[in-house]
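If you read the protein sequences in the order shown, they are chains A and B. Numbering-wise, the first sequence is residues 1 to 187 according to our numbering. Numbering-wise, the second sequence is residues 1 to 203 according to our numbering.
Just to be clear, a hint being listed does not mean it is correct.
[To be verified] Covered by chain B, according to a simulated footprint, are these stretches of chain A (three or more residues, beta-carbon under 8 Å):
hint, segment
1, 52-65
2, 74-86
3, 130-137
4, 173-187
[Said to hold, decoys possible] The calculated DSBU-like cross-link candidates involving lysine-lysine, where the alpha carbons are at most 35 Å apart (straight line), are:
hint, chain 1, residue 1, chain 2, residue 2
5, A, K180, A, K128
6, A, K180, A, K104
7, A, K186, A, K128
8, A, K169, B, K187
9, A, K169, A, K180
10, A, K169, A, K186
11, A, K104, B, K191
12, B, K143, B, K191
13, B, K187, A, K104
14, B, K143, A, K169
15, A, K104, A, K169
16, A, K128, A, K181
These are computed hints drawn from the structure, not numbers from a lab. This structure is a prediction, so every number in the text was calculated from the model and none was measured. Glycine included, C-beta positions come from ideal geometry on N, C-alpha and C.
If you want the building blocks of each chain, they are given just below.
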Amino acid sequence: MESLHEASTSSAARASETGYSEDVSREIVDICADAGISLVASLPDDWIAQTIARFEQDDRFTHVPMNREESAIGLCSGAFLSGTGSVALMGASGLMTLVYAITKINYTYEIPVFIMITRRGSFDDGAKFHVSNGLYLDDVVNAINLPCTVIGSRAELPMIAEAYHHSRKISRPTVAVLPKKLLQGKI
Amino acid sequence: MNYHECLAWIASRWTDELVVTSAGTSSEIWYEETGDTERVFYLEASMSLSTCFAAGIAFGTPNQNVWAFSGDGAFVMNAGMLTVERQMNLPNLKHFMVSNRVYGSTSNVPLPGRADNDYAAIARGFGIERVYSFGGMNELQAKFEEAVMEPGYSFIHLEVDPLDYRGGSPPMDGPEVKFRFGRHVEKVTGKNVFTAPLPEVKR
């Protein structure tokens, strides 16, 4: 079986073929490193396959592929208590599964966690099975008062670091949302 | 094994490890036995996430041993957590999985697969090398040193009888648990957990 590094390289190559920008992913990774993040817990979404691969292949990070999104919140919440900066990286569908973990762990104990998600279900998303995210993601985020910012262009990528630090400041989770065109390097 | 007796004995062997307990009984018994409010994170709102939480702590505190408790209720909800634990293979993490074949913190409602679930076999199936399964106190005591005190990640299945226990939660709100535990981690590791370090008090 190919190593994790080799599998990650293959995944990144496929993501490039399907139009996802290596440069944007590198920029995201650099911003996370500069912000103090060293642990990355990821769940897949093909929009962020390139970004996941960049984290995997960057020695500044320990990248942990997770079994489910709630486990990522558990891992990152524990990491906070060890003085380790972390990010839970996932698709929008993943965030939709997190109401329990966020409200019970992070809100009960006031533990910050930084989450990056894709903006699945947007008008430029061709997948019908992500329509529900376009319809309900914002309402779910608002229903649990989850501070959230959409990274609207490459010029706004530094807001990722702001969202991470804001989480620490307010002792709650925050979310940075990555649109498709951003990840493709088109905006 | 008797659940209370089992945890009480493990607590008697506890020295300087960081401990994460899970919802309900393990938190309540551990608090009753130890009264500790510094080195234990009582993760009562856990529902299958206590050992992932503990793995995060163990990852960032490689010089501290971490004991994590979960139940078989958590296990059937999130057996896949073991794939992550296997992959991380943290040498300072021990996962105690207390199996009583019921959802113990919710009036002992029976678990799915309660008669057949072979938790140690599942753990081995995920590639975990150091798997221990104890159904009696004598076995636990005889192998405790090897299973728990030696370096290396291990998964320790403790088969106990259901317990009708109502000890009550540790008397702290969530943020107090966080700050007490986090300040202890800061003290023993020298790392900053919180944005503002607690200054040394000069007497």
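How the hints compare with the structure:
For the segment 52-65 of chain A, the stated coverage by chain B is satisfied: 3 residues place a CB nearer than 8 Å to a CB of that chain, which reaches the threshold of 3. Figure legend: the segment 74-86 of chain A, annotated as covered by chain B; annotation consistent (12 residues with Cβ-Cβ distances under 8 Å, at least 3 required). As drawn, the segment 130-137 of chain A meets chain B at 0 residues by the rule of a beta-carbon pair under 8 Å; below three, the given contact is violated. Coverage of the segment 173-187 of chain A by chain B is violated [criterion: at least 3 residues with CB-CB distance below 8 Å; count 0].
A threshold of 35 Å between alpha carbons decides the hint, and for A:K180 with A:K128 the separation of about 15 Å falls inside it, so the pair holds. About 30 Å separates the Cα atoms of A:K180 and A:K104, which keeps this hinted pair within 35 Å; it holds. Restraint check for A:K186 and A:K128: the C-alpha separation of about 22 Å stays at or below 35 Å, so the hint holds. A threshold of 35 Å between alpha carbons decides the hint, and for A:K169 with B:K187 the separation of about 21 Å falls inside it, so the pair holds.
For the proposed pair A:K169 and A:K180, the alpha carbon gap of about 29 Å is at most 35 Å, so the pair holds. Distance check on the hinted pair: A:K169 and A:K186 sit about 32 Å apart at the alpha-carbon level, within 35 Å; holds. For the proposed pair A:K104 and B:K191, the alpha carbon gap of about 26 Å is at most 35 Å, so the pair holds. As the CA atoms of B:K143 and B:K191 are separated by approximately 34 Å, the hinted pair is consistent with the 35 Å bound.
Under the criterion of a C-alpha separation no larger than 35 Å, the hint pairing B:K187 with A:K104 is consistent with the structure, at around 27 Å. For the proposed pair B:K143 and A:K169, the alpha carbon gap of about 45 Å is over 35 Å, so the pair is violated. Straight-line distance between C-alpha atoms of A:K104 and A:K169 comes to about 19 Å, which keeps the hinted pair within the 35 Å bound. For the hint pairing A:K128 with A:K181, the CA-to-CA distance comes to about 18 Å; that is within 35 Å, so the pair holds.
This entry does not satisfy hints 3, 4 and 14, going by the numbered hints stated previously.
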